[in-house]
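*Asks:* In the numbering used here, the protein residues as written are 906 to 1797.
The hints are simulated quantities; they were obtained by calculation from the structure and are not laboratory data.
In this text, all values refer to a predicted model and were calculated from it rather than measured experimentally.
Treat the hints loosely; a few may be bogus.
What the hints assert, rightly or not - With beta-carbon atoms standing in for the labels, derived distance ranges:
id: 1; residue 1: Ala1213; residue 2: Glu1167; range: 33 to 39 Å
id: 2; residue 1: Ala1213; residue 2: Ser1544; range: 32 to 38 Å
id: 3; residue 1: Pro1320; residue 2: Val1561; range: 31 to 37 Å
id: 4; residue 1: Lys1583; residue 2: Asn990; range: 46 to 52 Å
id: 5; residue 1: Glu1251; residue 2: Lys1414; range: 29 to 35 Å
id: 6; residue 1: Gly1339; residue 2: Ser1573; range: 20 to 26 Å
id: 7; residue 1: Asn1317; residue 2: Gln1652; range: 51 to 57 Å
id: 8; residue 1: Leu1580; residue 2: Thr1233; range: 44 to 50 Å
A virtual CB, placed ideally from N, CA and C, is assigned to each residue, including glycine.
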Amino acid sequence: MSDQTKSRAARRQQMEAEKRRGRNKKKKTGSNLLKKIILSIVALGVAVLIGGVGLFAFYASSAPDLDENLLKDPLTSDIVDSNGNVFMKFGAEKREFVPYKDIPKEMEDAVLATEDVRFYKHHGMDFWRLGGAVLANFQSGFGSQGASTLTQQVIKNSFLSDEKTLKRKAQEAWLAFKLEREYSKEQIFEMYFNKILMSGNIYGIGTAAKEFYGKDLNELELHEMALLAGMPQSPNGYNPFKNPERAEKRRNTVLGLMYKHEKITKDEMEKAKAIPVTETLLPEDQRQEKKDSKYLAYVDIVLDELEAAGMMDILAEGVTIQTALDPTAQQAVEKAINSPIYESEEMQAGMTVLNTKTGEIAAIGGGRNFTGRNLNFASGDNRRQPGSVIKPILSYGPIIEYENWSTAHIVNDEPYKYKGTNISIRNVDGKYMGAITAREALYRSRNIPAIKVFEEVGTKRAREFAGKLGLKYGEMTSTLAIGGGDDRFSTIEMAGAYAPFGNGGIYTKPHAVKKITFRDGSERNLAPDPVTVMKDSTAYMVTDILRDVISYGTGKTAGVSGLDMAGKTGTTNYDAETIRKHGLKNTDVPDSWFTGYTTEYTISVWGGYKIPTTPITTYDKGRYVPQILFRTVMTDLVSGKTTPRFKKPSSVEEAVIVKGSNPPILASNSTPAALKSKELFVRGTVPTEMEKEVIAELAAPSGLSAQYNAESNSVSLSWSYDNPDAYALPEPVQFSVSVSVDGGEPQNMTTTSVNNVTFSGVEMGRTYTFYVKAISGEIESSSVSTSLLIEGQTEDDPSVDNGEEDENNNENDGQNNNDNKGNNGNNNGNNNGSGNTGNDGNKNNGNTGNNRNDGDADDTTGGSGSSGDETTEPGTGGNDGTGDGTDDGSGG
906 MSDQTKSRAA RRQQMEAEKR RGRNKKKKTG SNLLKKIILS IVALGVAVLI
956 GGVGLFAFYA SSAPDLDENL LKDPLTSDIV DSNGNVFMKF GAEKREFVPY
1006 KDIPKEMEDA VLATEDVRFY KHHGMDFWRL GGAVLANFQS GFGSQGASTL
1056 TQQVIKNSFL SDEKTLKRKA QEAWLAFKLE REYSKEQIFE MYFNKILMSG
1106 NIYGIGTAAK EFYGKDLNEL ELHEMALLAG MPQSPNGYNP FKNPERAEKR
1156 RNTVLGLMYK HEKITKDEME KAKAIPVTET LLPEDQRQEK KDSKYLAYVD
1206 IVLDELEAAG MMDILAEGVT IQTALDPTAQ QAVEKAINSP IYESEEMQAG
1256 MTVLNTKTGE IAAIGGGRNF TGRNLNFASG DNRRQPGSVI KPILSYGPII
1306 EYENWSTAHI VNDEPYKYKG TNISIRNVDG KYMGAITARE ALYRSRNIPA
1356 IKVFEEVGTK RAREFAGKLG LKYGEMTSTL AIGGGDDRFS TIEMAGAYAP
1406 FGNGGIYTKP HAVKKITFRD GSERNLAPDP VTVMKDSTAY MVTDILRDVI
1456 SYGTGKTAGV SGLDMAGKTG TTNYDAETIR KHGLKNTDVP DSWFTGYTTE
1506 YTISVWGGYK IPTTPITTYD KGRYVPQILF RTVMTDLVSG KTTPRFKKPS
1556 SVEEAVIVKG SNPPILASNS TPAALKSKEL FVRGTVPTEM EKEVIAELAA
1606 PSGLSAQYNA ESNSVSLSWS YDNPDAYALP EPVQFSVSVS VDGGEPQNMT
1656 TTSVNNVTFS GVEMGRTYTF YVKAISGEIE SSSVSTSLLI EGQTEDDPSV
1706 DNGEEDENNN ENDGQNNNDN KGNNGNNNGN NNGSGNTGND GNKNNGNTGN
1756 NRNDGDADDT TGGSGSSGDE TTEPGTGGND GTGDGTDDGS GG
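Can you make the complete structure from the sequences, with help from the hints?
*Replies:* Structure, rendered in structure tokens:
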């Protein structure tokens, strides 16, 4: 091998050696980096662990001492009204304390299977359960599952606040560990069993057994034990008297857990599940009343709110709960709702009184003879179809909000079908009004216009508008616009939805609880924040229309004299299948509503029966009950006070338009009064076109005659008047009457709206000439006249001028004396709806009166998928043209 070849081989070997050293160096460097990372993580973990242990120790050191009295007995919490006065104490009532030895084993099994199945295996903290809860929270979101043991619940209910903080959880864990060291498992179970809140003001499962079943624990059946064991998770929600369906579902869950953990057999589980949850409940007349408790319907709402906020446990902590209760309003509500105004003993009502500005619940009417254990008809316990009270929320409010409709916008009330179907919609009276304004369509509560407006708004915008007002909808169909469908609401929700219309478009969720003050003086504010949900123009324009509901429409019974208020009626009806199945009449209805408001109070009232298929059958003591209750309570609330009127915002303009014009045009000076209408417009949308001004002509009276009466020494004048264009005049026609004596200057006698006058104190030997002309505003007709000579003459003397007309009148000769006797039947019908008896009475006799007061009727709605039936009590024309119509419009 040559030296050159050896040299190349050596270089290759050297290069390969260097590569190997490089790779080894990289491996060593990488290995060192990995080690450093692992060591850093370990060090961090140790630091976190040490820090966590230190923090835990610090928090644990500040935990309160265990107090046996607090462990065994709940602290008394105060519920106070808006004036700061206590009206209920929680935890102060007598309880049925049950020693552990007297608790049936099956009852203990039911509780532990539901709350803490590993109770006898852990030492205060269940780390297996904690790990499962952590995993569930990662998968479903924080708070999706808890891991508190029964021991921890005893600690939380005895010593600690309900706040979810690391400090509180650390103290809870430490105290649970201490509790397990100082007390036996049996003692801890006894504490839980006797202290847990069951429902309302009922503490302890032994007390609940007496309250719900009238039994001692050893007398309970399996299904009853399961119900009681499941109630603490949601004490008010699982109350079987109030929410039997939810209670039965929860009971069956507990039975399933007992079977899963081998506490009962499958056969025992299925037999217990087959028993209706209400079957063995204590009958109403055997339940003990809380004679010393006040305002139980209101307390029920307070508990619902605490439960929804996950704060029911604090009632055992000696807190003060500040509410918005107005005792005066609550007393007025309870007095009214228990008055004898109903069509039967079984008919019920629910009522909510809100502060319009703040959304605070001032008073609650839970129903007649409310005891706190029965259904609260004002709350979510009793959600019902809303009927026509929903029309401002799903149709007219959104169309004004999103499309800037004016109150003068024309909607055609005509034969119509639900969009995309062959199902016809009917109005209450089975008739159609043709082109009417949005204002009239709403205050008359016409069904077809409401559907049309809803379909123009669209389901997306209607759902959004209602949602901002606290009314949540899912899938929407046109039937919802008249209150049908499957969506149902409570009086609390409906009052909350209406209050923003009276508050410039600002919504605050209805609430009874304002804040909670803990024993250490700290506070937690629970009052929701106000939110602007609509333009102030929308709020005011809807309000102005709803004023007319009370003045001219279906809500006249709710009116309070002199009070600026707005509101809407609603009635629902049965579908055809329900009518057939239960043998009901077409005039029977399940629900009646009235929701109204002032600038200070908003009140929603529902009337009906606990069982929806029991019908309201009458009007005065049935359908009108919500309006009567509203009027009664509102009268008490405003008595002796001055309530501010609704104030028109700068975003709204008022304009006088030509009634029925489409699009609207402004009225001119010559537009007849009967054709003028004052309407509201969103600023910037007032029409600019004005009706052409026309100089109206006024016809002159005719048939003027003068009759001398010797006995009274007077002259009776009478005349006829018939102007076919009277509707086009700016003001009603009146007559100016003048007289001249012996050819002198005419002097004004009088101006009258009737067709006859009497001139007294005539003198013999003088000639009297009488002049009559028609006037309307500044428009005058030509005069007609007649002369009469009086000089000791008699009517039989042919030389006497017996009412002969001058050249301006028709030649009636003496015939006027007879033919015009009937003229006393004059055109005063424009004023009082009837003319005097006569042979030639004016054609205007019996005018039906104001066109807004002609027997307005509300509609009613029925169940989902049915057009429903509509009936109307006949509206009557009356002296002022008003009617008493009440409607039951088409349903879903």
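*Asks:* Could you run down the list of hints and mark each one as holding or not?
*Replies:* Results of checking the hints against the structure:
no., hint, result
1, Ala1213 - Glu1167: 33 to 39 Å, "holds (35 Å)"
2, Ala1213 - Ser1544: 32 to 38 Å, "holds (34 Å)"
3, Pro1320 - Val1561: 31 to 37 Å, "holds (32 Å)"
4, Lys1583 - Asn990: 46 to 52 Å, "holds (47 Å)"
5, Glu1251 - Lys1414: 29 to 35 Å, "holds (33 Å)"
6, Gly1339 - Ser1573: 20 to 26 Å, "holds (24 Å)"
7, Asn1317 - Gln1652: 51 to 57 Å, "holds (55 Å)"
8, Leu1580 - Thr1233: 44 to 50 Å, "holds (48 Å)"
Comparing the model with each earlier hint shows no violations; every hint is respected.
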